[in-house]
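*Asks:* The chain contents come next:
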Amino acid sequence: MSNEQLKVYLLDLLKAIPVTLEFTCIPMLAGAVLGLLVAVTRIQKVKVLSPIFTALVSAIRGIPIYVLVFVTYYGTPRLGNFLFHGGENVLTIRSVPNVVVAMGAFTLYTTAYISEIYRSAISSIDAGQMSAALAGGMNLFQAYRRVILPQALVVALPNYGNFFIATLKASSIVFVVSIRELMSVAKINTEMTHTYIQSYFIVAVFYVVLGLLFAYLFKQLEKRICHQY
Amino acid sequence: MRVFDGSYFLKTLPKILLQGVPVTILVTAAALALGFLLGLLLTIVKVYPVKPTKGGAVLRLVQRVLDFVTLFVRGVPNFLMLYLIYFGLPEVLEGIGLSLSRTSDATKYYLVIAALGLTVAAPASEMFRSAYLSVDVQQIEAGKSFGYSGWQRFLHIILPQAFYVSIPNIGNRTIQVIHGTSLISYLGVLDIMGVAKLVNSYVYGAKSVEVYVTAALVYWVMTILLERAFRLLEKKSIKGMQNVAEGTV
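Chains as they are written, first to last, in my numbering: chain A, 1 to 229; chain V, 1 to 249.
Calculated directly from the structure, the hints in this document are not laboratory data. Note that beta-carbon positions come from the ideal geometry of N, C-alpha and C, so glycine has one too. Among the clues, some could well be false.
In silico DSS-like cross-links for lysine-lysine, where the CA-CA straight-line distance does not exceed 25 Å [what the hints assert, rightly or not]:
#	chain 1	residue 1	chain 2	residue 2
1	V	Lys108	A	Lys187
2	V	Lys46	V	Lys108
3	A	Lys187	A	Lys15
4	V	Lys46	A	Lys187
5	V	Lys108	V	Lys197
To give a feel for the contact side, a few chain A residues facing chain V, derived at Cβ under 10 Å [unchecked claim]:
#	residue
6	Leu68
7	Val71
8	Arg78
9	Gly87
10	Gly161
11	Ile165
12	Ala170
13	Leu182
14	Thr190
15	Tyr196
16	Phe201
17	Val208
18	Leu210
Please put together the full structure from these sequences, using the hints given.
*Replies:* In structure tokens form, the structure reads like this:
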């Protein structure tokens, strides 16, 4: 790579960082909310919903994210046709933007994994806490909000942090639906300059630095939150 | 048009089971074997006691470097590691005068296994280290007082207990590697996902949903079976540990 090419490459990578972060943070935030609903539904053994969620979580955790992206990519228009157009071939894979599909696949993925993080955290809280809260006259929602969750979230935070970094790395596969994040910028660059080692090594450094940065941020957050207890 | 064409599912499934599953299992097993072996070697160097001599200082430096390399490799996405090794390693080998034939199937498998093995080795070395550290120091001292040599202590006292501690981690890692192998289809290897892509191309993508859902189901079933198997193994070894504790063995 000439100096000029290197400069262009580095600039392209810098521009791609926000995209990678987008595909990490949005699914992680959506997963944090949806995962909580799934976890509580399963712990409270809500009729009909609980077994459905159990099966879905098991399925999504059993499928590689790469395959999940393919299934969502081709499955979404098919499902849309079936639900809204009576099975007519109205929607195609071009009707749904790739960003939406990739975001959807990643949100399914994070929701399934985060719900398991919550579930193990909530079940680590002593059952007596729940009994005490209910005996003290709280309803179920209050008991969760005031007693169970404040304790469970502290337990869940380290696992959430680890999974955040795993998702950051996993987000590299959205390039298969042609989204310009770090990995795809690197791939395009190698195709133009034919410098495999250099290009891939540089982008590897980007990923490592981003991962370390978030690891540090989560450590600080943990320290601050655990300090209160 | 139906939402899901069952007949195509039945057509795809045998192809994936006969052609794709063996490749996935083979690559996973090879990558795990390579990764765990490399990880174990890394762990031995990392936890080797440093003595205050000149050799000790060198060892300390090597340990620091290995820690850094582990940190780096763990921070790299699987896909990127696959690309780095698959395209980079031949470039490096050519640089030192060894040329690989990129078109041969065997080379493809070696490179893919090397890349996946590396992604296993780094976290595995950390996993083994924490398992090693979880073994009570008194156990090792007891071994010493019975006159066990260093290797005997490692083989008869540390390894069995550390292995038991590692079982759930090894199970998770195995499942992660199986999922990780799906990426090699992108490089044209005919694993589960690779066969699915091939079948999909026969009909020009008209049956993509059926084909990829079939692949997904196969992965799911494999995951469930492995989870069961490892839980069983864990239960069995808990029994073994209890027998040792009660002195019935």
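*Asks:* Take the hints in turn and mark each one as holding or not.
*Replies:* These are the hints, each one checked on the structure:
Annotation: proposed proximity of lysine 108 of chain V to lysine 187 of chain A holds, straight-line Cα distance about 19 Å (limit 25 Å). Between lysine 46 of chain V and lysine 108 of chain V the alpha-carbon distance is near 32 Å, which puts this suggested pair outside the 25 Å criterion. A C-alpha spacing of about 15 Å is found between lysine 187 of chain A and lysine 15 of chain A, which places the hinted pair at or below 25 Å, so the restraint holds. Taking the CA atoms of lysine 46 of chain V and lysine 187 of chain A, the gap is about 35 Å. The hint is violated against a cut of 25 Å.
For the proposed pair lysine 108 of chain V and lysine 197 of chain V, the alpha carbon gap of about 18 Å is at most 25 Å, so the pair holds. With 10 Å as the threshold, the beta carbon of leucine 68 of chain A comes within range of chain V, its nearest partner Cβ sitting at about 7 Å, so the hint holds. Because the smallest distance between the Cβ of valine 71 of chain A and any Cβ of chain V comes to about 5 Å, under 10 Å, the interface hint for this residue holds. About 5 Å separates the beta-carbon of arginine 78 of chain A from the nearest beta-carbon of chain V, less than 10 Å, and the hint is met.
Hint status for glycine 87 of chain A relative to chain V: holds, with the closest Cβ pair at about 5 Å, below 10 Å. Interface hint at glycine 161 of chain A: violated, since its Cβ lies 14 Å from the closest Cβ of chain V, which is beyond the 10 Å cut-off. With its C-beta approaching chain V no nearer than about 8 Å, isoleucine 165 of chain A sits inside the 10 Å limit, and its interface hint holds. Evaluation of the alanine 170 of chain A hint against chain V yields a held restraint, the C-beta minimum of about 7 Å falling below 10 Å.
Annotation: leucine 182 of chain A was flagged as interfacial toward chain V, and the flag holds, the nearest CB pair being 9 Å apart, inside 10 Å. This hint holds: threonine 190 of chain A has a C-beta 7 Å from the nearest C-beta of chain V, less than the 10 Å allowed. Nearest Cβ of chain V to the Cβ of tyrosine 196 of chain A: about 4 Å, under the 10 Å cut. The hint holds. For phenylalanine 201 of chain A, the interface hint holds, since its Cβ comes within 10 Å of a Cβ in chain V; the closest pair sits about 7 Å apart.
Taken as an interface hint, valine 208 of chain A checks out: its beta carbon lies about 4 Å from the nearest beta carbon of chain V, inside 10 Å. Restraint check, leucine 210 of chain A versus chain V: the minimum CB separation of about 8 Å is within 10 Å; hint holds.
This entry does not satisfy hints 2, 4 and 10, going by the numbered hints stated previously.
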